[in-house]
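*Asks:* These are the residues of each chain, in order.
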Amino acid sequence: MHYVIIGNSIAATAAIEGIRSQDRQGKITVISEEKDHVYGRPLISYWLEKKVSEQQMPYRDPEFYQEQNVEVLLGVKATSVSFDKKTVKLSNKKELTYDKLLISTGGKPIVPPIPGLTAKNHSCFYNYEDVRQLNQTVQPGQHVLVLGGGLTGLKAAESLHRLGVKVSLIELADRLLGTIMDHDGSEMVASFIKSQGVDLYLGNTITQINSAKNGLSQFILKDGTTLEAKLLIMAIGVTPRTDFLKDSNLTINRGILASATQATNFPDVYVAGDVAEVPDLLTGKTVVAPILPNAFTQGRIAGINMTGGTASFEGSLAYNAIGFLGMHTVSMGQSTLETSNEYEVLKQLDQTKQTYRKIVLQNNRLIGALFIGEIGRAGLYQDLIRNQVDVSSFKDQLLANDFKLLNLPSTVYQSKLAE
Amino acid sequence: MKHQALPPEFSVIRNEDKCIQCQACVRQCGFDVHQYDAVKDKVCANEEKCVNCQRCVMICPTNALAITTNPNQYRTNSHWNAVHLQNISRQAATGGVILTGMGNDKPMPSYFDRILINASQVSNPSIDPLREPMELRTYLGAKPDQLKVSSENGEIKLAEPLSPQVRIETPILFSAISYGAISFEVCETLARAATNLGTLYNTGEGGLHRDLYQYKENTIVQVASGRYGVNHEYLNAGRIVEIKIGQGAKPGIGGHLPGEKITKSISETRMIPEGTDAISPAPHHDIYSIEDLRQLIYNLKEATRYQKPVSVKISAVHNIAAIASGVARAGADIIAIDGFRGGTGAAPMAIRDHVGIPIELALAVVDQRLRDEKIRNRVSLIAAGGFRSSADVIKAIALGADAVYVATAPLIAIGCRLCQKCYTGKCSWGICTQDPYKTKRVNPDLAAERVHNLIHGWSHEIKEMMGGMGINSIESLRGNRSHLQGVGMSEKELKMLGIKHAGEAI
Amino acid sequence: MKKVYTNPKHCVNCHLCKVYCVAAHSSSKDVLKAYKEEGLKDTARIIVEETKPISCAVQCRHCDEPKCVASCISGAMRKDPTTGIVYCDTSRCVGCLTCVVACSHGAVQPGPDGKALKCDLCRNLSEPACVANCPNGAIAFLEKEEK
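Residue numbers (the numbering used here), protein chains in the order written: chain A, 31 to 449; chain B, 48 to 553; chain C, 1023 to 1169.
Read the hints as simulated data drawn from the structure, not as lab findings. Certain hints may be false.
Stated by the list, open to error - Dumping the calculated PhoX-like pairs for lysine-lysine here, alpha-carbon to alpha-carbon at most 20 Å:
no., chain 1, residue 1, chain 2, residue 2
1, C, K1063, B, K87
2, C, K1137, B, K89
3, A, K65, A, K119
Claimed, not checked - Okay, the calculated bits of chain C under chain B, using three or more residues with CB under 8 Å as the criterion:
no., region
4, 1030–1036
5, 1040–1050
6, 1053–1065
Glycine included, C-beta positions come from ideal geometry on N, C-alpha and C.
Assemble the whole structure, with the sequences as input and the hints as a guide.
*Replies:* And the structure:
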């Protein structure tokens, strides 16, 4: 049995562990375009601000591939796949034959066509190599622009700020973190970040880049503001990395369509992680949900199923726990919704303590939650969403900052304690 | 009138070098003594509320706590002592009765402490209970004046049926404590311990909870003046039916369980409305004579088809020998005599500390009187009231008891530290309370094992002492006063106890 | 695998499990030193919940497919393949706290150092400290089938 895995990030690692939990013998080959041992992609901002060392970057022990009996082809790219012949063509001109194939190529950063954009005046904030380069080019005291007020943009801004770099964050929408926060949450994060010394340009974007003196560039914003900076960091999102498959008959919408078992429309071909399109836990509609826990879970399920197992993915529930300069935030599910005929929203906002707790309910069932400041035991809410627990009997407890298992109906908490 | 306020009885000494602010004391104190000050990150104490129950001392993980008597005491006066001064002040403020709990704590003479046990030497060698059989098994119930036997085809049989007999494997039973006075968990603990030990526990006057019917083979069901929870099924559930006439801690008065303790479960068990006071009258309103008592005894025998011995529990009072004789003649199979050191959940302090007589004297005179009247065989005698050790038990048996009742000792095994605040319902140990936050502090799994261990240990010691006397059966010790001698007692006392002075030839 | 189970019927809300948990994870292994010298207050890996009169100690269930492990961005959160114990290698934890959001029992908490704090079943002891020191036998270390 030959398992071939394209990609070497979290989904791939989980797939290796999934395969090895069932099959110690089969051959596993991993094709890794990056030259690094597997690392958690979100760690790059921690590495840049020197909170994490080179040695701490690997996601698994240095002996991992050896222990798991995996052949890793580092710095090698898959250029195409023949699903009929069950072969993968590689950038080193070689070809691999697979019995089972996992596509876990992740995403790639979106780079919009801004007039004047060159390889020199911008960088992405996506992989280890990106931050290695940034570490070389950017010095404390310099000015850097970050385009995109999402999670990546904010983490980039945070790490650069902590390095002593002057950061200006530009976001096209009128608020930060628009996909996971409502207006109140965005406001709280924005005012905190501003108070920490990061400049924000909301409802704005870059329309033109010109070169300026001393290796700097001049960035002209939509509203006419002109900023001089060393570099622009592009952080407006990622898109599934499927280019090498575009001539195949693999079903690709936004991402590669996956069944609940992580199978694709071709036999023996599986997909997992940011490149996959999977059903949303709550709506059932297929989505690309590029968050790390999904990648791990899907990878592990794919791995188990590649050995003939029968694991299945319960559906994607997006959740994030992100700290920005010491302010902790948690979002899960449909956290941006406001009260309407369909949804009931419970909120508790404390400006002085800078805490915010918000619960989104539909038919007395949680479908989303948002927390800023106090995030302890947030997992309990995730479980309520996952299991669609009827909360009517304890709704008044939901916002309490000591919400606990014992607030749940006794049959529910007793069965949880007995797990 | 602040100047009339009482100084705290106890001082809470907290070693700040050892206190880690874990607040276990705060959460465990039933009397809200310990409080956490979040601003100072310190635990402090409101000493006025402290009853010295020692729960905090036990729970503190760093031994940072000690409770002592408040050094700021009243001026020393051997007549007007602190208790009198405090009680007078309290009554001056409230006009009420001073209540207390558990047994008489006054320094009255303890005859057990003045009685010494015999041991064999050369001519009558002692027996090693680890090598030879040693019998503690006891049968409770009336024994016939003569045993009539008949022979049929060479087989010897009893010619007449015996009165019902109840076998216990050790002569120690658990005395009556009602569900309501104590928590369900403690009732369950005693029931399970009794079952494992092969002895009996006693429901007290609070009825029998549905969930405890499974232990009925080891249950004495009590019928008291309030008749709580008494019905046909209840009477037939127990091995023995006991009529409670009196209680050693409060002879002559009844009981009062306040309405706030009458939870749903207790109301169902007692068959009274939830939240109403459960008042046990001082007398049984249908007993005003020995004849009336006889009627109740026989009513109960009828109700249980003469299958269960009927016990009558009386307090040890001045004319106890004559009373016991009357009770035996009224048809009781067992007489339980409760001495003045017996415990209670609530009693007026004046009564607990001043009414009744010591069990040692009461037992001795009752045993003697029944022997003199040749009716000793008609009843089993159970002695009760303050048995602290196996030595107390063995002395009682040699004085004439068939068995003893203990309750304070097993409660101490469960956790009780005799703070005497049972009547408040706030018991920090979860014993004498119905507060579900506290009752769970008694885990019947652990508590039943501790009570079992205690009685097992006592039983073993009794065997050792019997062996030392050269006796291998508890039957041979019963009423065998030649194995006891007294020290420091007057002629009169020795005569009442029926024992000789230490050193006198047997 | 053996796990820690708490019976709310017997939990008396004393929080001693937390105290001994802290001590068991200290370098001195001593309650007083852990609190007074090592400054480990608030580092208990067990949570005592209370809604009067009920209280209950809650800790990690060491799930078969642990969501905290799936959500860990640094690889600090692991499930030991031999013992089944889910533990956090704090030298690798970056304190993103995604595991806190992932845990369906709320059993992973942010520690005072900002890193994930969770039960490791006292990997180096024969019996977890919370079990050994519960004064009321409310916490037991059992195979699920023994429950």
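*Asks:* Which of the stated hints cannot be reconciled with the structure, identified by number in ascending sequence?
*Replies:* 2
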